[in-house]
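Visitor: Each chain, letter by letter, is given below.
Protein chains: 2
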Amino acid sequence: MELSKRIQAMQESPIRKLVPLAEQAKKKGLSVIHMNIGQPDVKTPKAFKQAINAFDVDVIAYSFSQGEPALLMAIADYYQKSGIAFAPEDILVTNGGSEALIFAIYATCDAGDEILIPEPFYTNYNGFSKPANVQAVPITTKSEEAFCLPKKEEIESLITERTKAILFSNPGNPTGAVYTQEELMMLADIAKKHDLYLIADEVYREFVYDGLSFTSMASIPGVEDRVVIVDSISKRFSACGARIGSLASKNQVLIASVLKLCQARLCVPTLEQVGAIELYKLGLDYFQEVKEEYDWRRNIVYEGVNQIAGAMCKKPRGAFYVVVDLPVEDADDFARWMLADFSYEGATLMVAPAAGFYATKGLGANQIRLAYVLEEDQLRRGLKVLEEALKAYPARKA
Amino acid sequence: MELSKRIQAMQESPIRKLVPLAEQAKKKGLSVIHMNIGQPDVKTPKAFKQAINAFDVDVIAYSFSQGEPALLMAIADYYQKSGIAFAPEDILVTNGGSEALIFAIYATCDAGDEILIPEPFYTNYNGFSKPANVQAVPITTKSEEAFCLPKKEEIESLITERTKAILFSNPGNPTGAVYTQEELMMLADIAKKHDLYLIADEVYREFVYDGLSFTSMASIPGVEDRVVIVDSISKRFSACGARIGSLASKNQVLIASVLKLCQARLCVPTLEQVGAIELYKLGLDYFQEVKEEYDWRRNIVYEGVNQIAGAMCKKPRGAFYVVVDLPVEDADDFARWMLADFSYEGATLMVAPAAGFYATKGLGANQIRLAYVLEEDQLRRGLKVLEEALKAYPARKA
Chain A
31 MELSKRIQAM QESPIRKLVP LAEQAKKKGL SVIHMNIGQP DVKTPKAFKQ
81 AINAFDVDVI AYSFSQGEPA LLMAIADYYQ KSGIAFAPED ILVTNGGSEA
131 LIFAIYATCD AGDEILIPEP FYTNYNGFSK PANVQAVPIT TKSEEAFCLP
181 KKEEIESLIT ERTKAILFSN PGNPTGAVYT QEELMMLADI AKKHDLYLIA
231 DEVYREFVYD GLSFTSMASI PGVEDRVVIV DSISKRFSAC GARIGSLASK
281 NQVLIASVLK LCQARLCVPT LEQVGAIELY KLGLDYFQEV KEEYDWRRNI
331 VYEGVNQIAG AMCKKPRGAF YVVVDLPVED ADDFARWMLA DFSYEGATLM
381 VAPAAGFYAT KGLGANQIRL AYVLEEDQLR RGLKVLEEAL KAYPARKA
Chain B
31 MELSKRIQAM QESPIRKLVP LAEQAKKKGL SVIHMNIGQP DVKTPKAFKQ
81 AINAFDVDVI AYSFSQGEPA LLMAIADYYQ KSGIAFAPED ILVTNGGSEA
131 LIFAIYATCD AGDEILIPEP FYTNYNGFSK PANVQAVPIT TKSEEAFCLP
181 KKEEIESLIT ERTKAILFSN PGNPTGAVYT QEELMMLADI AKKHDLYLIA
231 DEVYREFVYD GLSFTSMASI PGVEDRVVIV DSISKRFSAC GARIGSLASK
281 NQVLIASVLK LCQARLCVPT LEQVGAIELY KLGLDYFQEV KEEYDWRRNI
331 VYEGVNQIAG AMCKKPRGAF YVVVDLPVED ADDFARWMLA DFSYEGATLM
381 VAPAAGFYAT KGLGANQIRL AYVLEEDQLR RGLKVLEEAL KAYPARKA
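One line per chain: the protein sequences are A and B, in this order.
Under the numbering used here, think of the first position of the first sequence as 31, with each following residue one higher.
Under the numbering used here, think of the first position of the second sequence as 31, with each following residue one higher.
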């Protein structure tokens with residue numbers, strides 16, 4: 031009655047495992063400020079639900095395995111407007127960015143193979159590679175260097191004959207780092223030299239600040255057939271619960287192969303595809319307002335964190351997360367303690383302990399990730415709770 | 031630039047690979063009668079879309095990884111009414127029955143492990159086990175025996191130390207076989223003796239005919255902790271495009287482990303869960319009318335097939351498929367030829383060649399699967415096309 035070793039080896043989500051403590055805090059009457067998860071409070075554009083409500087058929091039938099043709103067209107149009115040259119036939123619609131990541135891993139790696147991933151990284155990269163028996167090999171990046179990539183030689187030293195791909199999120203979750211064109215060209219050089227795929231999770235593409243212009247991995251010449259772009263409407267249009275993602279590549283053999291995985295699971299839900307078509311038609315100007323709102327929030331969090339004694343973060347350049355160094359030894363214990371034993375003016379704070387974002391044991395023990403997806407007053411209140419909690423924590427009862 | 035061996039080893043869907051030929055036939059102005067796929071023409075109950083249309087929120091947010099609590103309750107209620115004792119905490123909502131099957135395989139099998147599956151079986155069992163590096167080992171069942179299970183000794187002779195589970199659909203796709211209580215008790219005995227899991231795909235549970243009463247694997251005593259039930263609203267409520275499935279087990283360690291897989295992909299779409307709640311509230315009387323309709327169609331196809339010279343099928347007892355023996359050597363070639371080169375009174379017929387449902391090479395070469403999910407006149411027209419095609423096929427140009 032043993033379960034498989036691969037499922038036993040999987041960790042519980044380091045974020046979601048704190049949920050019971052948060053539930054208990056709420057039962058005690060506390061307000062729990064959620065800076066732990068990237069669930070934006072920005073409204074989903076009304077076009078999404080309007081299209082779904084207007085969709086009137088007798089039978090909710092299977093969609094196409096590759097996705098609704100009109101959605102593939104709409105995504106291709108969006109890419110063109112973003113300066114990325116994907117045609118509808120280069121794209122497959124997936125169950126969220128999650129399934130696109132799973133498919134990219136299975137298409138490029140066999141059991142026992144390795145994928146290089148800059149750490150700290152989105153925890154679920156582990157959750158997708160472990161069941162596939164693929165080893166996530168971390169490229170360590172550092173808080174004090176704003177999580178930029180290390181030198182080429184350092185990355186190359188991690189490559190073995192089992193290395194099949196480099197996987198990264200850009201802009202970065204949890205780091206907020208945005209890779210420069212030079213960094214991407216370095217990755218391209220490495221991929222060509224060592225015959226690797228480049229799996230770029232660009233779901234935060236629009237969220238870059240400080241006037242930075244975003245460069246997609248798909249725009250770097252010479253590696254078009256090595257690049258797989260993972261995408262999602264979740265953050266882009268604040269539609270996390272729609273679970274519409276996509277996988278895109280100019281490598282037609284790869285697309286035809288991933289289509290076999292798509293066919294096995296038949297299709298993605300029809301209704302959300304109908305809604306997503308309208309979201310992708312919104313055009314790039316939609317993002318300007320949203321971006322300004324996140325930029326504002328980013329500055330509040332960045333300044334707020336650095337005003338707290340002992341807390342430190344570099345200014346994130348993209349996405350809506352920041353990794354914060356805290357003056358504690360065990361941020362996981364601190365996060366649990368805040369939920370279980372601390373409150374300030376009727377509120378407590380939920381954060382994501384950062385150790386779960388590292389593959390290297392011991393790293394990130396004193397770090398947390400904060401998501402700035404809440405309105406200003408909530409963020410300010412959360413930062414105040416953090417400040418007061420850090421004052422009270424050293425004197426806690428063990 | 032090699033892709034993974036596991037994705038290269040996957041076959042294209044034997045059903046979906048005929049789609050381009052069907053598209054060409056349609057372009058020629060032919061009407062293509064689809065008896066190839068289990069997409070019912072029965073209307074999705076209006077309650078589904080009404081609930082979704084009425085669901086009014088500003089942000090389409092993440093749902094719970096295990097599923098919406100109200101949906102878990104509604105599914106548990108449905109199970110209780112069906113005489114199956116699952117509580118909400120025994121259930122996880124999945125992206126269709128497909129994801130429930132994937133999760134069941136990953137939870138019970140490591141790379142290199144084996145799963146016994148009565149063949150012919152739903153092709154995608156291969157599509158799910160191959161990427162997992164799990165070997166589908168066929169238990170051959172025979173058309174002339176109405177696809178009942180072979181003797182216990184025959185099944186046991188296939189078990190090795192790598193065998194971890196027996197997976198089966200009941201009622202059977204593509205066979206239409208409904209396992210008796212005795213057959214299920216035999217499987218239970220084997221599972222106990224050889225320490226195996228029993229993964230029962232019961233998505234056609236309500237579709238059993240001839241006054242037969244359906245026995246769920248979950249009702250067999252003594253193996254409660256070995257049984258994993260895969261379920262879906264796709265066929266039950268004619269909502270294939272909703273992609274709402276579930277996995278249920280009394281084994282709480284298994285459920286907690288599969289929850290880790292659920293957490294990695296975050297959640298199932300929110301809107302379809304809202305709709306599915308209302309479907310599960312419809313109650314068992316809903317099925318009576320649908321079942322009578324399918325029973326009627328079954329009789330048309332069963333009688334029609336056996337009136338065609340050289341064609342033969344035993345009467346299926348459940349689901350809405352039948353495997354038909356044809357007087358041809360290569361049913362795949364015959365199916366392609368019908369789409370590419372044959373028509374009768376402006377119509378041609380699309381069927382599923384059955385070889386793709388067998389893991390044993392060579393079996394099923396002369397068989398097709400017909401789905402009786404269309405209205406009577408369409409079915410009669412399809413059978414007529416089949417009859418005329420079988421007359422014309424021997425004289426075709428090679």
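If you're looking for bench data, these hints aren't it; they were derived computationally from the structure.
Wrong hints could be hidden among the right ones.
Estimated spans, in silico, between C-beta atoms of each pair [what the hints assert, rightly or not]:
id : chain 1 : residue 1 : chain 2 : residue 2 : range
1  : A       : V283      : B       : T190      : 49 to 57 Å
2  : A       : P99       : B       : D71       : 15 to 23 Å
3  : B       : Q54       : A       : A84       : 27 to 35 Å
4  : A       : K223      : B       : K182      : 56 to 64 Å
5  : B       : K223      : A       : K172      : 25 to 33 Å
6  : B       : A84       : A       : E322      : 32 to 40 Å
7  : B       : M31       : A       : Q211      : 21 to 29 Å
As a list, the in silico DSS-like pairs of lysine-lysine whose alpha-carbon atoms are at most 27 Å apart [what the hints assert, rightly or not]:
id : chain 1 : residue 1 : chain 2 : residue 2
8  : B       : K35       : A       : K223
9  : A       : K76       : A       : K58
10 : B       : K35       : A       : K280
11 : B       : K280      : A       : K160
Computed from a prediction, not measured in an experiment: that's the story for all the values here.
Cβ coordinates follow ideal geometry from the N, Cα and C atoms, glycine included.
Visitor: Tell me the numbers of any earlier hints that the structure contravenes, in ascending order.
Guide: As far as the earlier hints go, 1, 5 and 9 are violated by this structure, in ascending order.
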